[in-house]
Amino acid sequence: MTKDAYRAMIHHFHKGIYDISFPTTKLQIIEKAGTRMIKVDYGKKMTIKSFVEAMPLDSYSSAAEFYCALLASLSK
Amino acid sequence: MNVGNLFALNGKIETEALSVVGFQFAPIGAQCFDEVDENIDTVLEYMERAVAGFPGLDLFVAPEACFQGFPPSGWQDYLLDINGFRIQRVKDKCKELNIWGIFNPLVKPTNGNCYENTAIVIDNNGHIVHKYTKMNPWIPFETMHPGISCPVCDGPKGSKIGIIICADGDYPEMWREAAYNGANVIVRPTHYMDPWSHAWDITNKAGAYFNQVYVVAVNCSGYAKNESFSCFGRSMILGPDGNVIVEGSNGNIGLIKADLYPGIIDHMRKQAVHSNPMYSFRHRGGSCPDFDGKGDVRMLYNAYKEDAK
Numbered sequence: 001m002t003k004d005a006y007r008a009m010i011h012h013f014h015k016g017i018y019d020i021s022f023p024t025t026k027l028q029i030i031e032k033a034g035t036r037m038i039k040v041d042y043g044k045k046m047t048i049k050s051f052v053e054a055m056p057l058d059s060y061s062s063a064a065e066f067y068c069a070l071l072a073s074l075s076k
Numbered sequence: 001m002n003v004g005n006l007f008a009l010n011g012k013i014e015t016e017a018l019s020v021v022g023f024q025f026a027p028i029g030a031q032c033f034d035e036v037d038e039n040i041d042t043v044l045e046y047m048e049r050a051v052a053g054f055p056g057l058d059l060f061v062a063p064e065a066c067f068q069g070f071p072p073s074g075w076q077d078y079l080l081d082i083n084g085f086r087i088q089r090v091k092d093k094c095k096e097l098n099i100w101g102i103f104n105p106l107v108k109p110t111n112g113n114c115y116e117n118t119a120i121v122i123d124n125n126g127h128i129v130h131k132y133t134k135m136n137p138w139i140p141f142e143t144m145h146p147g148i149s150c151p152v153c154d155g156p157k158g159s160k161i162g163i164i165i166c167a168d169g170d171y172p173e174m175w176r177e178a179a180y181n182g183a184n185v186i187v188r189p190t191h192y193m194d195p196w197s198h199a200w201d202i203t204n205k206a207g208a209y210f211n212q213v214y215v216v217a218v219n220c221s222g223y224a225k226n227e228s229f230s231c232f233g234r235s236m237i238l239g240p241d242g243n244v245i246v247e248g249s250n251g252n253i254g255l256i257k258a259d260l261y262p263g264i265i266d267h268m269r270k271q272a273v274h275s276n277p278m279y280s281f282r283h284r285g286g287s288c289p290d291f292d293g294k295g296d297v298r299m300l301y302n303a304y305k306e307d308a309k
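Protein chains in written order, with the working numbering: chain U, 1 to 76; chain V, 1 to 309.
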């Protein structure tokens, strides 16, 4: 039996970077929002830093570029 | 204003409101300089009506060929000198009323032997701060010298103004060029005629939506003296989602007005995740792991390669 898919991870992530203005760098995102915990699954939370550190690119010209890099790293 | 975007726009948006008026009328197809002067008089008169009707107005926009019209022949005989006394009257009026204006005369040759179709931006001090020469004359009838670039200028209230003229807007690359060069407001003066009313509608909407930009499209309106075509008016101001904010009547003289918020466009281009065409068209497949979040940045469209036939 499989569990239901958790649907709100990206929503929580987006809420977690509510005060990030682009363009910005990976380092600045980690400094400002890295320690925030977001719910990523039923009964599971992770820091934003844990995602951002694994992402390609060191700077992001726009939110679109940032999320492309995030989704690319999640898909690997 | 964020229609079609999946993600919320994070962050605080600070922007001024840009009060814009578009003036639609039927400029006489000038066959003498007296008729040119009559058109100029009309434009100056409606600049005054615009500030009376819409106090605090920032930007006044007139249609293509607003001083000369487009008679079937003879327009080359009544070209204007961009530094001449007739344009000076318009500059003086902008200064007097403390407003910016965009006007579109047919001007004497500056680059070759042929005349040019050139829009000018006059600031509220009466100075010409920007010029754009139509890159896509309406062939075969417009024998003018085409422009070579679509630069953008800083306008009032945080606006970055790109101008495309009439038939330019029938080419999607012109809208894209203005937006890519940074325009958050694209102004399109036109002499768009019947029976292209539907094309007018869809090109303005598509230009706004595809490029996430405000559009101020101001058309001639009515059946002018000496002209062979009737212009349908329907001047319109559109938001970056391609929806019409306000539209003028069909065939009548008139003023349309809207408040625009140029800072929203700038913010969307930085903070929008989905529906961010200025980013995504140069980074195809940006979230594909094969491209490490950058996407495929090669220019692979045959239509835009330099050796295209």
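Hints are not guaranteed to be accurate.
Taking lysine to aspartate or glutamate and the DMTMM-like style, the derived pairs with C-alpha atoms no more than 25 Å apart in a straight line are [what the hints assert, rightly or not]:
hint	chain 1	residue 1	chain 2	residue 2
1	U	K32	V	D290
2	U	K32	V	D123
3	V	K270	U	D4
4	U	K76	V	D201
5	V	K95	V	D154
6	V	K157	U	D58
7	U	K26	V	E16
8	U	K26	V	D266
9	V	K108	V	D34
10	U	K76	V	D154
11	V	K270	U	D41
12	U	K15	V	D266
13	V	K257	V	D34
14	V	K294	U	D4
15	V	K305	U	E31
16	U	K26	V	D290
Rather than coming from a laboratory, the hints here were simulated on the basis of the structure.
Consistency of the hints with the structure:
{"no.": "1", "hint": "U:K32 x V:D290", "in the structure": "violated (29 Å)"}
{"no.": "2", "hint": "U:K32 x V:D123", "in the structure": "violated (42 Å)"}
{"no.": "3", "hint": "V:K270 x U:D4", "in the structure": "violated (34 Å)"}
{"no.": "4", "hint": "U:K76 x V:D201", "in the structure": "violated (44 Å)"}
{"no.": "5", "hint": "V:K95 x V:D154", "in the structure": "holds (17 Å)"}
{"no.": "6", "hint": "V:K157 x U:D58", "in the structure": "violated (34 Å)"}
{"no.": "7", "hint": "U:K26 x V:E16", "in the structure": "violated (31 Å)"}
{"no.": "8", "hint": "U:K26 x V:D266", "in the structure": "holds (22 Å)"}
{"no.": "9", "hint": "V:K108 x V:D34", "in the structure": "holds (18 Å)"}
{"no.": "10", "hint": "U:K76 x V:D154", "in the structure": "violated (43 Å)"}
{"no.": "11", "hint": "V:K270 x U:D41", "in the structure": "violated (29 Å)"}
{"no.": "12", "hint": "U:K15 x V:D266", "in the structure": "holds (21 Å)"}
{"no.": "13", "hint": "V:K257 x V:D34", "in the structure": "violated (30 Å)"}
{"no.": "14", "hint": "V:K294 x U:D4", "in the structure": "violated (32 Å)"}
{"no.": "15", "hint": "V:K305 x U:E31", "in the structure": "violated (43 Å)"}
{"no.": "16", "hint": "U:K26 x V:D290", "in the structure": "holds (20 Å)"}
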